[in-house]
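Visitor: Chain by chain, the residues run as shown.
2 protein chains.
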Amino acid sequence: MSGTTLDDYTDLYAQRVHGMKASEIRALFSVANRPEVVSLAGGSPYTAALPLDAIGEMVAELIQREGAPALNYCVGQGEAALREQICAVMAEEGVDASVGASPDDVVVTTGSQQALDLVARVFLDPGDVVLAEAPSYVGALGVFQAAEADVVHVQMDDDGLVPEALEEAIAAVAASGRRAKFLYTVPAFHNPAGVTLAEERRERILEICQRHHLLVLEDNPYGLLGFEEQPPAPLRSRARDGVLYLGTFSKTFAAGIRLGWILAPHAVRDKIVMASEASILCPPTFNQRIATRYFTTMPWREQLKVFRELYRERRDATLAALTDFMPDGVRWTHPGGGFYVWLTLPEALDSKAMMPRAINARVAYVPGTGFYADGSGTSHLRLSYCFPPPERLREGVRRLGHVIEEELSLRSTFGATGSAGAPRRVAGDVPPGIA
Amino acid sequence: MSGTTLDDYTDLYAQRVHGMKASEIRALFSVANRPEVVSLAGGSPYTAALPLDAIGEMVAELIQREGAPALNYCVGQGEAALREQICAVMAEEGVDASVGASPDDVVVTTGSQQALDLVARVFLDPGDVVLAEAPSYVGALGVFQAAEADVVHVQMDDDGLVPEALEEAIAAVAASGRRAKFLYTVPAFHNPAGVTLAEERRERILEICQRHHLLVLEDNPYGLLGFEEQPPAPLRSRARDGVLYLGTFSKTFAAGIRLGWILAPHAVRDKIVMASEASILCPPTFNQRIATRYFTTMPWREQLKVFRELYRERRDATLAALTDFMPDGVRWTHPGGGFYVWLTLPEALDSKAMMPRAINARVAYVPGTGFYADGSGTSHLRLSYCFPPPERLREGVRRLGHVIEEELSLRSTFGATGSAGAPRRVAGDVPPGIA
Numbered sequence: 001m002s003g004t005t006l007d008d009y010t011d012l013y014a015q016r017v018h019g020m021k022a023s024e025i026r027a028l029f030s031v032a033n034r035p036e037v038v039s040l041a042g043g044s045p046y047t048a049a050l051p052l053d054a055i056g057e058m059v060a061e062l063i064q065r066e067g068a069p070a071l072n073y074c075v076g077q078g079e080a081a082l083r084e085q086i087c088a089v090m091a092e093e094g095v096d097a098s099v100g101a102s103p104d105d106v107v108v109t110t111g112s113q114q115a116l117d118l119v120a121r122v123f124l125d126p127g128d129v130v131l132a133e134a135p136s137y138v139g140a141l142g143v144f145q146a147a148e149a150d151v152v153h154v155q156m157d158d159d160g161l162v163p164e165a166l167e168e169a170i171a172a173v174a175a176s177g178r179r180a181k182f183l184y185t186v187p188a189f190h191n192p193a194g195v196t197l198a199e200e201r202r203e204r205i206l207e208i209c210q211r212h213h214l215l216v217l218e219d220n221p222y223g224l225l226g227f228e229e230q231p232p233a234p235l236r237s238r239a240r241d242g243v244l245y246l247g248t249f250s251k252t253f254a255a256g257i258r259l260g261w262i263l264a265p266h267a268v269r270d271k272i273v274m275a276s277e278a279s280i281l282c283p284p285t286f287n288q289r290i291a292t293r294y295f296t297t298m299p300w301r302e303q304l305k306v307f308r309e310l311y312r313e314r315r316d317a318t319l320a321a322l323t324d325f326m327p328d329g330v331r332w333t334h335p336g337g338g339f340y341v342w343l344t345l346p347e348a349l350d351s352k353a354m355m356p357r358a359i360n361a362r363v364a365y366v367p368g369t370g371f372y373a374d375g376s377g378t379s380h381l382r383l384s385y386c387f388p389p390p391e392r393l394r395e396g397v398r399r400l401g402h403v404i405e406e407e408l409s410l411r412s413t414f415g416a417t418g419s420a421g422a423p424r425r426v427a428g429d430v431p432p433g434i435a
Numbered sequence: 001m002s003g004t005t006l007d008d009y010t011d012l013y014a015q016r017v018h019g020m021k022a023s024e025i026r027a028l029f030s031v032a033n034r035p036e037v038v039s040l041a042g043g044s045p046y047t048a049a050l051p052l053d054a055i056g057e058m059v060a061e062l063i064q065r066e067g068a069p070a071l072n073y074c075v076g077q078g079e080a081a082l083r084e085q086i087c088a089v090m091a092e093e094g095v096d097a098s099v100g101a102s103p104d105d106v107v108v109t110t111g112s113q114q115a116l117d118l119v120a121r122v123f124l125d126p127g128d129v130v131l132a133e134a135p136s137y138v139g140a141l142g143v144f145q146a147a148e149a150d151v152v153h154v155q156m157d158d159d160g161l162v163p164e165a166l167e168e169a170i171a172a173v174a175a176s177g178r179r180a181k182f183l184y185t186v187p188a189f190h191n192p193a194g195v196t197l198a199e200e201r202r203e204r205i206l207e208i209c210q211r212h213h214l215l216v217l218e219d220n221p222y223g224l225l226g227f228e229e230q231p232p233a234p235l236r237s238r239a240r241d242g243v244l245y246l247g248t249f250s251k252t253f254a255a256g257i258r259l260g261w262i263l264a265p266h267a268v269r270d271k272i273v274m275a276s277e278a279s280i281l282c283p284p285t286f287n288q289r290i291a292t293r294y295f296t297t298m299p300w301r302e303q304l305k306v307f308r309e310l311y312r313e314r315r316d317a318t319l320a321a322l323t324d325f326m327p328d329g330v331r332w333t334h335p336g337g338g339f340y341v342w343l344t345l346p347e348a349l350d351s352k353a354m355m356p357r358a359i360n361a362r363v364a365y366v367p368g369t370g371f372y373a374d375g376s377g378t379s380h381l382r383l384s385y386c387f388p389p390p391e392r393l394r395e396g397v398r399r400l401g402h403v404i405e406e407e408l409s410l411r412s413t414f415g416a417t418g419s420a421g422a423p424r425r426v427a428g429d430v431p432p433g434i435a
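Here the protein sequences line up with chains A and B, keeping their order. Counting from 1, position 328 in the first sequence corresponds to residue 328 in UniProt numbering; the numbering is continuous, with no gaps. Counting from 1, position 175 in the second sequence corresponds to residue 175 in UniProt numbering; the numbering is continuous, with no gaps.
Fair warning: there could be bad hints in the mix.
Label pairs and their in silico Cβ distance ranges [as the list claims (entries may be wrong)]: (1) B:K305 / A:D96: 50 to 60 Å; (2) B:A198 / A:Q15: 35 to 45 Å; (3) A:E66 / B:E313: 20 to 30 Å.
Source of the hints: derived by calculation from the structure; they are not laboratory data. Even for Gly, the Cβ is constructed at its ideal location relative to N, Cα and C.
All chains, please: the whole structure from these sequences, using the hints.
Guide: So, in structure tokens, the structure goes:
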């Protein structure tokens, strides 16, 4: 068998693949990992703060005592013992048995990313509409794009999603003869916007969704990472039906074990399990038993306090540096928890066009376009403060401030030279670990 | 938000979900796990044969030395060090650098199940045709069904896939105005058929696929588990292009870490990585480092010998028991490796209808219908010899022989009373761990 070339198979690709192409900024992220670059791009949790020796001992004992089943297959829904611990964690987030949260309705997934993917498989046909905040989590946009769905963004402000904007978006979609299937939302410590949906908006948003027969897909990875106070109770704690609730151990324990979950109404849960079995057979048994043991035998609430204190200090360092080093006209959000600050540049600037110059100045961020499905976001960028220590954060923000200043002075001298038009976001703009 | 009921959201489901329903035999498998039942149904590897203490120590040291990165995100393609080890394992299977196998073209997946799923996403549109052996791996059928593709089965015999039948199937698909995108095949120690594609057929099959511009999806989970001899060299070792090659650590190391891979032509590999990132962000870093360390520091080739010897003994016990206890008219395959024996019952019998009576007699198997997309397979069943010890296997086969005898005597007294017609296979017929 010779004479065929790789491109011979291009005509065999599925329809959904034709939108997939690697983006030009992707290559920049590999440069961002060089030690001389301060990366404010990545969303990696600071796992070095975990009690590694104790975890090592715990895992060794687990393998000794129950290695044979831990290293074998399990059921597609995930192990019952872990689903019980997940309910304990969700109760801490405000979603407990009093609102019908039960281990039986939990499905364990390969990070909450897979939960997003499973929801897309169960609910999305090509051409369906998904409503999502503007901006929105890049990993979710990737899922909706792979499902060939259309994302319609809904305006946010410092209090999160704007209810009136949601009403308008629903009406506009209906007027175009299409129908939105669900609202995807990150109400607490939003990625990338760093804002939290205000208490007084929560019932209102639920009421709008119910009235329009719209599912709510509530993603809550940062709910336990509030610095001054807990965020308002999740949407799922206010509505038993109509809300699919996603969680993850990536931020409260370890991203590298890739475990998340979905809490779904019973009938939906069945479909999710079948879709997951078709996708991965079952989540990793070994990792599930590690998480079960961690949450039953180790002081995870104290560890959460360690993480909160650590990230609070880094947020403070970032906000102080922004105040000290950003030129006039740059605005940013003030996150009460989570990992991210969202910057808005003066309008003439293009964060994507600026990226090579930032890398050259040894600082990296994620351009705002990654967080929009429609190519907008050029005047925004996301900074992550979760991984670098405070002094590095300060140095990174200082470098970035300098880059923006130079950009502004170039613009005032020569006028706007940024890229013309707004290219649509392409799949794979932002690699995982950055997401 | 009240007044909504769970079923209110049924009209929101995607098209692909409407074919999903839990099957009646699924419930029987939970009964099959009771200790009094000899389960010849499950495909779980015998992980108790692993050196658990040594693995425990290895993992504890790994967490101590590199816990922080091991518990964090990694790149979507999977870590470079593991991809190198995967190449070492593939070389053992006959796919090495001389035929262009390179770590750069490997993508690490959540078991080879996810690799199947990713191939389906990259290549299958609804209504596309996939050719697959008759019978075929149940997990693959689940993936193709979820992708809304049509599976056309191709006849096998004791030497594996029949080349003439492949030609005929391709012609029949073309005559129906459709086009097959790929051939899915398990050439070595087939699941469930227990047969191996003969050396003299391999070039022929490749030539047919090349001539018809058909991709080959070669799944090789059992290639290193040959009892008397290695299987003939994989198709991928005979063709650099046109073959996507799947592998897994589930049978050579541990199923519970859920790690597999795909080796794909470079252009295809890019699409696979992007599809995987949209699905799970990245495979579990922690598990990847465990596998890397296992395959670089521990005697994995010796462990493979342990597994081969163990499974050979179990196969021998099963074949001997079949000879001793099966009534006339029952036929079975003679696997040279892997986990499975495929039984053919006298035509009047229906393995699915017989299943409750078998469970009642405290023996479980997988009815043949699970391995066909078209509802055929009623006169077949699969026995797995990988998990129970030899004396349990013998007892299980004895019980099964008795059930079949009773079934035959009922049939000769009252005539056929099996289920009428051939219902199509439904998703979720067979749960993971059974697959």
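Visitor: Are the hints correct? Go through all of them and say.
Guide: Results for each hint:
1. B:K305 / A:D96: 50 to 60 Å: 52 Å, holds
2. B:A198 / A:Q15: 35 to 45 Å: 37 Å, holds
3. A:E66 / B:E313: 20 to 30 Å: 25 Å, holds
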